[in-house]
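Taken in sequence, the protein lines are chains A and B. When we follow this note's numbering, the leftmost residue of the first sequence carries the number 1, and every step to the right adds one. When we follow this note's numbering, the leftmost residue of the second sequence carries the number 1, and every step to the right adds one.
Fair warning: there could be bad hints in the mix.
Which copy? The list can't say, so a pair holds if one copy fits it or any two copies do.
Said to hold, decoys possible - Listed next, the in silico DMTMM-like pairs over lysine to aspartate or glutamate satisfying Cα-Cα at most 20 Å (straight line):
#1 K57 to E46
#2 K429 to E404
#3 K344 to D141
#4 K134 to E27
Calculated from the structure, these hints are not laboratory results.
There are 2 protein chains.
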Amino acid sequence: MAKNLTTREEDYSKWYNELVIKADLAENSGVRGCMVIKPYGFAIWEMMQKELDRMFKETGHVNAYFPLFIPKSYFSKEASHVDGFAKECAVVTHYRLKNAEDGSGIVVDEDAKLEEELIVRPTSETIIWDTYRKWVQSYRDLPLLINQWANVVRWEMRTRLFLRTTEFLWQEGHTAHATKKEAIAEAEQMMHVYADFVENFMAVPVIKGVKTESERFAGALETYCIEALMQDGKALQAGTSHFLGQNFAKAFDVKFATKEGSQEYVWATSWGVSTRLMGALIMTHSDDNGLVLPPNLAPDQVVIVPIYRNEEQLEAVSEVANSIISDLRVKGIRVKFDNRDTHKPGWKFNEYELKGVPVRIAIGPKDIEKGTVELARRDTFEKIFIEKDKVVSKIETLLEEIQENLLSKALAHRASHTTEVDTYEEFKKVIKEKGGFVSAHWDGTKETEERIKNETKATIRCIPLDANTSSGSCMVTGKPSERRVLFAKAY
Amino acid sequence: MAKNLTTREEDYSKWYNELVIKADLAENSGVRGCMVIKPYGFAIWEMMQKELDRMFKETGHVNAYFPLFIPKSYFSKEASHVDGFAKECAVVTHYRLKNAEDGSGIVVDEDAKLEEELIVRPTSETIIWDTYRKWVQSYRDLPLLINQWANVVRWEMRTRLFLRTTEFLWQEGHTAHATKKEAIAEAEQMMHVYADFVENFMAVPVIKGVKTESERFAGALETYCIEALMQDGKALQAGTSHFLGQNFAKAFDVKFATKEGSQEYVWATSWGVSTRLMGALIMTHSDDNGLVLPPNLAPDQVVIVPIYRNEEQLEAVSEVANSIISDLRVKGIRVKFDNRDTHKPGWKFNEYELKGVPVRIAIGPKDIEKGTVELARRDTFEKIFIEKDKVVSKIETLLEEIQENLLSKALAHRASHTTEVDTYEEFKKVIKEKGGFVSAHWDGTKETEERIKNETKATIRCIPLDANTSSGSCMVTGKPSERRVLFAKAY
Ligand SMILES: [Zn+2]
Ligand SMILES: [Zn+2]
Numbered sequence: 001m002a003k004n005l006t007t008r009e010e011d012y013s014k015w016y017n018e019l020v021i022k023a024d025l026a027e028n029s030g031v032r033g034c035m036v037i038k039p040y041g042f043a044i045w046e047m048m049q050k051e052l053d054r055m056f057k058e059t060g061h062v063n064a065y066f067p068l069f070i071p072k073s074y075f076s077k078e079a080s081h082v083d084g085f086a087k088e089c090a091v092v093t094h095y096r097l098k099n100a101e102d103g104s105g106i107v108v109d110e111d112a113k114l115e116e117e118l119i120v121r122p123t124s125e126t127i128i129w130d131t132y133r134k135w136v137q138s139y140r141d142l143p144l145l146i147n148q149w150a151n152v153v154r155w156e157m158r159t160r161l162f163l164r165t166t167e168f169l170w171q172e173g174h175t176a177h178a179t180k181k182e183a184i185a186e187a188e189q190m191m192h193v194y195a196d197f198v199e200n201f202m203a204v205p206v207i208k209g210v211k212t213e214s215e216r217f218a219g220a221l222e223t224y225c226i227e228a229l230m231q232d233g234k235a236l237q238a239g240t241s242h243f244l245g246q247n248f249a250k251a252f253d254v255k256f257a258t259k260e261g262s263q264e265y266v267w268a269t270s271w272g273v274s275t276r277l278m279g280a281l282i283m284t285h286s287d288d289n290g291l292v293l294p295p296n297l298a299p300d301q302v303v304i305v306p307i308y309r310n311e312e313q314l315e316a317v318s319e320v321a322n323s324i325i326s327d328l329r330v331k332g333i334r335v336k337f338d339n340r341d342t343h344k345p346g347w348k349f350n351e352y353e354l355k356g357v358p359v360r361i362a363i364g365p366k367d368i369e370k371g372t373v374e375l376a377r378r379d380t381f382e383k384i385f386i387e388k389d390k391v392v393s394k395i396e397t398l399l400e401e402i403q404e405n406l407l408s409k410a411l412a413h414r415a416s417h418t419t420e421v422d423t424y425e426e427f428k429k430v431i432k433e434k435g436g437f438v439s440a441h442w443d444g445t446k447e448t449e450e451r452i453k454n455e456t457k458a459t460i461r462c463i464p465l466d467a468n469t470s471s472g473s474c475m476v477t478g479k480p481s482e483r484r485v486l487f488a489k490a491y
Numbered sequence: 001m002a003k004n005l006t007t008r009e010e011d012y013s014k015w016y017n018e019l020v021i022k023a024d025l026a027e028n029s030g031v032r033g034c035m036v037i038k039p040y041g042f043a044i045w046e047m048m049q050k051e052l053d054r055m056f057k058e059t060g061h062v063n064a065y066f067p068l069f070i071p072k073s074y075f076s077k078e079a080s081h082v083d084g085f086a087k088e089c090a091v092v093t094h095y096r097l098k099n100a101e102d103g104s105g106i107v108v109d110e111d112a113k114l115e116e117e118l119i120v121r122p123t124s125e126t127i128i129w130d131t132y133r134k135w136v137q138s139y140r141d142l143p144l145l146i147n148q149w150a151n152v153v154r155w156e157m158r159t160r161l162f163l164r165t166t167e168f169l170w171q172e173g174h175t176a177h178a179t180k181k182e183a184i185a186e187a188e189q190m191m192h193v194y195a196d197f198v199e200n201f202m203a204v205p206v207i208k209g210v211k212t213e214s215e216r217f218a219g220a221l222e223t224y225c226i227e228a229l230m231q232d233g234k235a236l237q238a239g240t241s242h243f244l245g246q247n248f249a250k251a252f253d254v255k256f257a258t259k260e261g262s263q264e265y266v267w268a269t270s271w272g273v274s275t276r277l278m279g280a281l282i283m284t285h286s287d288d289n290g291l292v293l294p295p296n297l298a299p300d301q302v303v304i305v306p307i308y309r310n311e312e313q314l315e316a317v318s319e320v321a322n323s324i325i326s327d328l329r330v331k332g333i334r335v336k337f338d339n340r341d342t343h344k345p346g347w348k349f350n351e352y353e354l355k356g357v358p359v360r361i362a363i364g365p366k367d368i369e370k371g372t373v374e375l376a377r378r379d380t381f382e383k384i385f386i387e388k389d390k391v392v393s394k395i396e397t398l399l400e401e402i403q404e405n406l407l408s409k410a411l412a413h414r415a416s417h418t419t420e421v422d423t424y425e426e427f428k429k430v431i432k433e434k435g436g437f438v439s440a441h442w443d444g445t446k447e448t449e450e451r452i453k454n455e456t457k458a459t460i461r462c463i464p465l466d467a468n469t470s471s472g473s474c475m476v477t478g479k480p481s482e483r484r485v486l487f488a489k490a491y
């Protein structure tokens with residue numbers, strides 16, 4: 001079973017980094033902070049994309065594509081946005097290289113300096129609202145419900161595969177509405193869509209809530225979020241949806257004629273999830289033996305490994321395997337037959353454990369005699385022998401069970417790592433010793449939030465939307481508090 | 001019928017530009033040379049992507065993702081590649097902006113200058129082969145059959161929507177093989193995959209061939225291509241597939257241990273198609289009334305427009321429409337019901353003609369009485385009345401017919417615009433007056449190719465793979481020629 005993986009107990013962070021690389025998900029590239037997403041990791045991301053895209057379209061959205069580059073001046077147009085986004089970013093200043101005169105290679109051609117620098121998009125509100133100005137004249141042009149799948153760049157000093165990289169892949173929805181109410185409903189809807197996807201497809205439970213003012217997206221009036229809890233007790237923001245008010249419409253002068261004929265500014269939302277979800281997926285389910293994938297997101301849901309000593313045995317085993325494979329495929333189950341003769345069964349068992357394939361089937365000469373096959377679950381390591389005629393229906397059930405089991409386990413972990421506290425002493429102790437979500441009363445001021453952050457490194461992950469709303473007094477200042485909020489250390 | 005479109009006869013180029021904008025396919029952005037792909041245009045591109053992706057996977061390829069940025073020094077490693085690609089490109093020199101000290105806005109922070117400039121990828125051979133070095137040790141690691149869907153940037157001085165833009169979307173396949181033979185077979189296979197897609201899905205006929213040395217991709221030993229002919233008699237390169245030999249393996253030191261234990265350099269291919277295909281699609285089929293879409297690529301294959309004077313009539317019409325819609329959807333046909341009361345039927349007819357929807361159904365009170373509906377074909381403008389019970393099977397047939405008709409029309413156009421010539425005088429006359437493909441003998445030298453290009457603006461589009469190979473003598477120099485090659489002016 002030795003994968004030479006650091007255990008989670010030893011060093012969670014090291015375990016994560018090793019797992020991402022050993023399971024062939026991603027690796028660092030020759031470009032600082034930029035990752036290569038390897039085929040196995042990308043296959044998982046593609047499955048996420050496909051389901052999210054389906055959900056976006058089902059809720060009336062369409063895709064489009066906007067430029068990678070944004071003129072520097074666009075960022076200055078929305079005052080709070082510029083501070084949030086126009087700082088640590090990749091700046092294109094020239095558009096040509098030339099051979100160095102001294103023959104030393106290629107150098108930037110100083111004659112090809114751009115009049116205005118271009119920023120590689122860190123997020124696309126500015127370029128999109130500059131475009132929406134041309135698309136919106138009347139209430140008939142609204143709403144615009146547009147999504148874009150794209151790469152974005154934020155210059156990060158400390159990076160980690162999937163969790164924080166200079167370039168990452170994401171989708172960004174940007175919608176325009178005639179009324180405030182409709183825009184708020186849209187922002188809330190997309191938070192629910194994200195939560196639905198993350199819980200039911202990724203088997204990662206999340207808390208829905210809103211951010212405090214100081215944790216809001218730059219330019220937003222309200223930021224809705226979904227927060228997940230990792231195995232090490234740290235929170236991870238899995239998706240955000242922003243109600244942007246009329247800020248971008250005012251900055252880019254996007255007005256529409258109402259039915260009554262008056263001119264009004266358009267209301268906006270934006271919302272996004274990114275390859276960071278890969279990090280959430282890995283850190284929620286995986287164990288010391290490697291990746292654990294929920295069946296909904298496993299590129300191979302089932303792998304069949306043949307056990308044989310000679311050609312004749314392989315043929316007998318292959319016959320059974322092929323019949324199972326075609327039956328599984330009819331049911332839409334993704335199955336792989338690994339009959340490579342370059343690797344031994346033990347090596348393959350290890351490999352698929354590391355890669356998180358939910359169900360492994362082993363078939364050997366003894367199985368052929370008895371008419372059985374061996375099934376092994378990745379999540380529980382449970383093994384059963386089953387008659388080969390029953391294997392397809394058993395696998396259908398198993399895949400559902402595994403999907404559910406992963407969610408239940410994650411829910412149980414979150415429950416056992418969510419603590420309600422009433423004093424700041426208790427708070428500090430829990431944050432330091434146990435971790436997880438801590439539910440506590442807070443007086444609603446930036447000052448107290450800041451002080452807690454400085455003293456404990458815990459931040460307010462969200463003001464939950466569905467938690468109990470009983471009032472109390474702030475654990476730090478004793479001032480009145482309308483409701484508990486959720487604190488945690490976070491990724 | 002007036003769309004206020006310039007006609008093709010008047011000004012083909014202007015017609016194209018207007019059509020792209022009026023049909024809501026794409027538009028120029030505030031960033032020089034970068035386009036916005038609008039939802040309707042993007043929906044078509046998505047359908048192209050989906051089918052191509054399916055074909056790539058069916059031929060054993062997987063997707064991955066490599067960094068947007070490439071360190072400048074990577075380009076210097078493959079000598080011919082640097083001249084082809086590292087010149088007109090976007091150069092990132094800084095990673096931070098700051099507030100100007102004089103309060104005039106934001107400026108580049110000179111303290112955040114990169115040690116080595118980063119190039120926004122114009123194509124990814126260098127960064128990918130730098131990665132493959134880590135992935136390939138033994139023959140067991142080969143072949144690598146990897147594709148990437150990505151945005152790329154080539155700094156173009158003169159741009160046109162879809163045809164030549166500074167940023168464009170594409171896919172780039174990059175494969176690594178143990179033998180020369182296998183790499184050549186892969187490069188040829190992908191040319192065939194492209195031709196299959198473009199002809200059978202886009203209804204755009206193409207000639208398969210190889211490029212002459214001077215038209216080859218920078219770094220390739222052989223460039224396979226597919227060439228299409230537009231309505232104005234100009235050729236358009238629709239896709240290329242390159243056999244790269246061991247050039248990139250040598251440049252990035254990618255070796256593998258053979259079965260016999262020796263160390264050898266890996267053999268490479270790369271292949272790509274881009275949003276340029278949108279240009280080919282538009283220019284092949286569309287007419288003076290707007291876009292004409294082959295049913296395989298029409299976001300809406302059928303649109304239903306209700307004709308009514310009062311609420312009661314609309315209800316009766318809607319009932320028939322909804323029943324047709326559900327029957328069509330069962331068959332997998334994409335249908336839209338435009339029952340907006342903000343626009344008149346005539347306006348809608350016009351709109352869907354402009355947008356190229358293959359089949360329009362109109363249903364009015366008289367149809368209800370007679371139990372019929374009116375069908376109109378976008379490609380021929382033919383209209384028929386048909387009993388409503390027969391409409392679904394008729395539409396199934398019609399969509400196939402339209403798909404075939406568009407291909408036949410394009411084939412006929414190409415046939416009538418392909419001319420075999422034997423003298424240079426004739427050649428110059430045809431290129432100048434008639435345009436199209438000109439098939440002629442050429443002596444195989446760069447000098448003659450260059451002279452023809454300078455004197456006529458026609459280039460050798462390809463040395464066709466399946467044309468007749470009878471020998472002759474060069475139309476310019478009279479020297480011996482093994483076979484005719486295909487010339488044209490090109491996009
Ligand atoms: Zn724990
Ligand atoms: Zn013509």
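Results for each hint:
For the identical chains of this complex, K57 and E46 are neighbours both inside a copy (16 Å) and across copies (13 Å), given an alpha-carbon limit of 20 Å. In the homo-oligomer, the alpha carbons of K429 and E404 never lie at most 20 Å apart, since the shortest distance is 33 Å inside one protomer and 73 Å across protomers. Taking the shortest alpha-carbon separations for K344 and D141, only the inter-copy value of 17 Å comes in at or below 20 Å, while the best intra-copy value is 62 Å. For the identical chains of this complex, K134 and E27 are inter-copy neighbours only, at 10 Å across copies versus 41 Å inside a copy, given an alpha-carbon limit of 20 Å.
When each numbered hint is compared with the structure, a violation occurs for hint 2 only.
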